[in-house]
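Could you build all of it, start to finish, from the sequences and the hints given here?
Listed below, chain by chain, are the residues.
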Amino acid sequence: MRAERMRHDTHAGGAIGSLTPPSLTLQQGLWLLAAAGVTLAPHASYLPWWIIAACASLLGWRAWLLWQRRLPPHRVLLLLLTLACGVAVRQEYGHFFGKDPGVALLALLLCLKLLEIRRSRDVRAAVLLCFFLQMAVFFEDQSPLIALAALSGTWLAVVTLLALADANAAHRAQMRTGALLLAQGLPFMLMLFLLFPRVQGPLWGLPADATSARSGLSDTMSPGSISDLSVSPDIAFRVEFSGSPPEPSARYWRGPVFTRFDGRTWRAERPIEASTPFYTPSGRRFDYRITLEPHDQRWLLALDFPGAGAGAVRGDGAGAGPIRFTNFAQALLPRPLQSRSRFELSAWPGTATGLQETAATLTAALALPDGFNPRSRELARQLAAGAGSDAVILDRVVSYLSESRLTYTLKPPLLGRDAVDEFLFETRRGFCEHFASAFTVLLRGAGVPARVVAGYQGGEVNPIDGNLVVRQSDAHAWAEVWLGGRGWVRVDPTALAAPQRIEAGLAAALPEGEALPLMMRQDLGWLRNLRHRWEALANAWDQRVLGYNPERQREFLASLGFGKVDWPQLVALMSGVGLILIGGLMAWASWQRRLQDPLERSWLVFCKRLARAGHPRAPWEGPQDYGRRLALALPRQADELLRITASYARLRYGAGANRADIRALNRQIRNFELQ
Amino acid sequence: MPDRHADRLLEAASRVILGKEHELRLALACLIARGHLLVEDVPGVGKTTLAHVFARLLGLQFQRVQFTSDLLPADIVGVSIFDRETGSFRFHPGPLFAQLILADEINRATPKTQSALLEAMEERQITADGRTLALPSPFFVIATQNPANQIGTFPLPESQLDRFLMRIHLGYPARAAERALLMGEDRRRLLERQQPVISIDELRALQRAGQDVIVADALIDYVQALLAATRTDVSLAAGLSPRAGLALIAAARAWALIDGRDHVLPEDVQAVFPHVAGHRLHLAGDGRNVSPAALLRLLQSVALH
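In order, the protein sequence lines correspond to chains P and S.
The numbering of the first sequence is this note's numbering, which starts it at 1 and goes up by one.
The numbering of the second sequence is this note's numbering, which starts it at 676 and goes up by one.
Just so you know, these hints were derived from the structure itself, not from any lab.
Only a predicted model underlies this, so the values are computations on that prediction, with no experimental measurement involved.
For every residue, glycine included, the Cβ atom is placed at its ideal position computed from N, Cα and C.
Heads up, some of the hints might be wrong.
Said to hold, decoys possible - Under 10 Å between C-beta atoms, here's a sample of chain S residues computed to sit facing chain P:
1. S834
2. E860
3. Y897
4. R906
5. V909
6. S910
7. R936
8. H938
9. Q945
10. Q975
11. L979
Structure representation (structure tokens):
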């Protein structure tokens with residue numbers, strides 16, 4: 001067995017020569033493979049499958065070669081493989097520029113480099129590639145898990161370098177040293193994080209990020225559009241109230257307002273914008289801080305109703321800018337939201353809106369397309385007959401809907417041309433958009449101005465950090481009715497069929513046996529708990545680490561007593577703190593050195609003194625040789641120099657040194673003065 | 676004073692072999708460390724004389740074996756011959772049964788004969804006709820070797836090179852030394868006049884004293900760092916073995932003793948290192964021996980703390 005393997009070695013060695021062992025030891029190779037594996041693993045989430053497969057098989061090949069103690073494959077084969085990888089990446093992406101093809105190519109090159117390793121320089125190159133790829137993973141994802149993976153990769157890469165420097169050291173010692181090195185880098189990392197001049201916006205604001213698809217509400221609504229969204233457990237936004245949050249039934253987060261109806265689809269009209277609200281906020285005020293996930297739309301999803309009072313609006317992140325208010329009581333961003341942003345807002349849920357509504361708005365809120373939903377319009381006429389006021393009509397519509405016992409479901413049947421008719425009279429099963437749409441059509445048919453509002457309703461308080469988390473599954477549609485003297489009044493028709501939806505959320509409101517996404521299940525308590533913990537951690541990470549922007553930096557520096565700081569001052573501050581840190585580390589190192597034996601210490605003092613005088617000891621030079629060289633260079637003090645070096649040599653390498661001898665040498669060295 | 680013996684020996688030897696004090700000192704260190712010596716050089720630079728000198732000055736039984744390609748193991752170990760008078764086989768010891776053996780041009784012999792010699796060097800005994808016979812003590816082999824690229828040679832395999840404690844090169848003498856050599860008396864006659872400087876017992880005492888030279892922990896650290904450096908150097912095919920480490924310390928001890936010290940300094944290790952490690956290290960590429968310059972670089976790459 002052994003002989004056979006050796007024979008194969010000779011064969012595989014080719015031009016390299018016979019029976020030369022591979023230059024990489026098993027231990028070094030394993031560390032390097034681990035570093036490469038951990039570095040590449042997080043990239044697997046977005047790279048094309050064939051690149052992941054290619055990397056995995058190349059790593060596997062390398063591991064097998066290492067295990068079998070075989071030599072790396074021939075250079076020509078590697079060259080061909082590299083060319084093939086390049087062509088394949090070009091085929092996949094169509095070009096070499098940009099981060100995705102770049103990262104894909106680097107990942108493949110790292111795996112190929114591992115196969116090419118013949119000497120320590122190759123290992124260093126591979127480790128450098130690892131470091132770069134660990135950074136590149138943040139182009140794609142900046143979650144705490146990714147940061148943890150990158151940190152582990154960095155640690156493994158450092159340990160690989162340590163294993164390379166000393167192939168015979170113990171694993172544990174090298175792992176400790178690697179961790180210690182990273183720990184020593186920690187203060188510098190913190191210093192750079194806190195003080196390095198921040199730029200507004202995401203650091204990796206590359207074009208591809210801006211156009212990537214994101215989930216969320218859209219500016220049209222047709223049957224099924226919100227129920228599709230409702231199966232997604234993705235977080236839409238997080239809210240941190242400065243006091244207690246409002247009741248669940250008052251948590252309506254306003255998105256698009258739909259006024260135009262074509263018989264099947266509701267569309268948002270272009271609103272009128274202004275810098276102040278179209279209403280006067282009144283009633284109880286709630287202050288909160290909202291962190292929006294990017295949704296590529298302008299709406300702020302503010303809690304009804306946002307106001308421009310003291311400290312009412314302040315945003316940071318890429319969407320920052322003056323907030324606009326619309327005649328539909330919305331708050332809008334100056335431009336579509338492309339990155340996670342945070343805003344400080346206030347809400348006055350008790351505000352009356354639209355008290356002086358324009359005729360154009362009211363007319364638009366009555367329009368219905370001709371020839372659609374005839375049965376509903378007939379029903380509306382019957383309900384309106386003989387009613388004295390709009391309020392009475394509203395009451396009749398509400399009682400009609402609550403008495404007709406419609407079913408609230410996440411999986412409503414498909415609807416045809418006259419969607420409202422089919423929902424009300426045939427299928428009788430629907431989700432919130434069906435309810436809101438049918439309700440609004442009935443009111444309009446009865447001559448009462450009404451519109452559909454979409455947004456989010458409810459949200460779940462994370463018991464770990466107390467933040468309110470609103471998910472895509474909380475997406476909702478409700479209606480608003482305009483009544484003279486009261487303005488726009490919110491009516492939630494879904495509550496008529498399923499009041500639990502408003503009080504306790506979607507999961508509680510759905511009929512028994514309806515399948516829910518795993519994460520929304522109420523019965524898996526431990527899973528929910530785990531998710532709460534994870535989301536609290538991710539939120540803290542988003543707020544404290546990723547959300548550390550120029551403004552936060554200013555706040556932080558102000559809290560340290562640096563009022564207004566510009567770039568040069570920041571750089572100076574950084575240099576100062578850096579020097580302090582370096583000084584601290586050096587002090588620590590010298591304290592460590594103090595723990596060495598006293599003989600060594602006084603010898604170092606002696607060598608240092610002579611080095612300053614221009615006669616440094618070469619690192620490999622023994623004490624006797626050094627003494628002789630010094631005696632030649634400084635003939636006047638030759639005797640003394642030879643005496644000191646000889647007694648050091650004797651104490652260090654002779655039959656054990658006693659304290660008196662060391663003290664005597666110390667004295668000699670102290671008394672020695674260069675002439 | 677044992678070290679005075681060493682001084683006297685070296686002084687007498689350098690009267691015969693001119694201008695080669697360092698090499699003579701290395702050869703003596705090899706002898707004190709109970710190792711065997713390999714002298715590698717072109718013919719005519721005094722390899723044979725070196726062996727002769729030590730044999731004369733130490734009063735050792737001397738045998739010279741000229742290695743040729745038709746030399747058989749029995750020619751050096753000895754042979755059993757049937758004795759008519761006693762009616763039985765009698766063992767006639769070969770030239771290996773001497774205290775100092777000059778194995779001249781060892782790389783001219785076939786591997787079979789080479790290995791017979793090298794086995795005897797390692798075991799310090801030989802087995803012939805089922806009987807094990809101890810070789811004399813002290814037993815010191817000085818083998819000479821012409822550079823391997825000459826025609827008709829069998830280079831010694833790596834594992835056998837390891838049996839030699841040191842390998843030295845004599846090289847051409849310096850100009851002044853060569854002049855003195857050319858003008859002076861015939862070396863052979865000079866050699867014949869040499870009387871033993873120390874007795875065999877005194878030599879044994881020297882060898883014992885060499886084993887008592889102190890090796891401090893700090894020195895072991897240094898030797899280990901050197902060994903590790905040879906093992907991590909990717910230009911080398913393989914690093915030094917633990918046996919090579921032991922050889923390095925033994926040689927450094929003898930070197931320190933000749934220098935008149937009771938403890939080994941890093942300088943001693945550095946002095947013997949090129950000669951102890953030189954024939955044990957091979958380049959990764961073509962398997963050639965490491966050059967003296969590369970050995971010096973290796974020494975200088977290991978810091979002394």
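Do the hints match the structure? See the list:
{"no.": "1", "hint": "S834", "verdict": "13 Å, violated"}
{"no.": "2", "hint": "E860", "verdict": "36 Å, violated"}
{"no.": "3", "hint": "Y897", "verdict": "9 Å, holds"}
{"no.": "4", "hint": "R906", "verdict": "7 Å, holds"}
{"no.": "5", "hint": "V909", "verdict": "4 Å, holds"}
{"no.": "6", "hint": "S910", "verdict": "8 Å, holds"}
{"no.": "7", "hint": "R936", "verdict": "8 Å, holds"}
{"no.": "8", "hint": "H938", "verdict": "4 Å, holds"}
{"no.": "9", "hint": "Q945", "verdict": "7 Å, holds"}
{"no.": "10", "hint": "Q975", "verdict": "5 Å, holds"}
{"no.": "11", "hint": "L979", "verdict": "6 Å, holds"}
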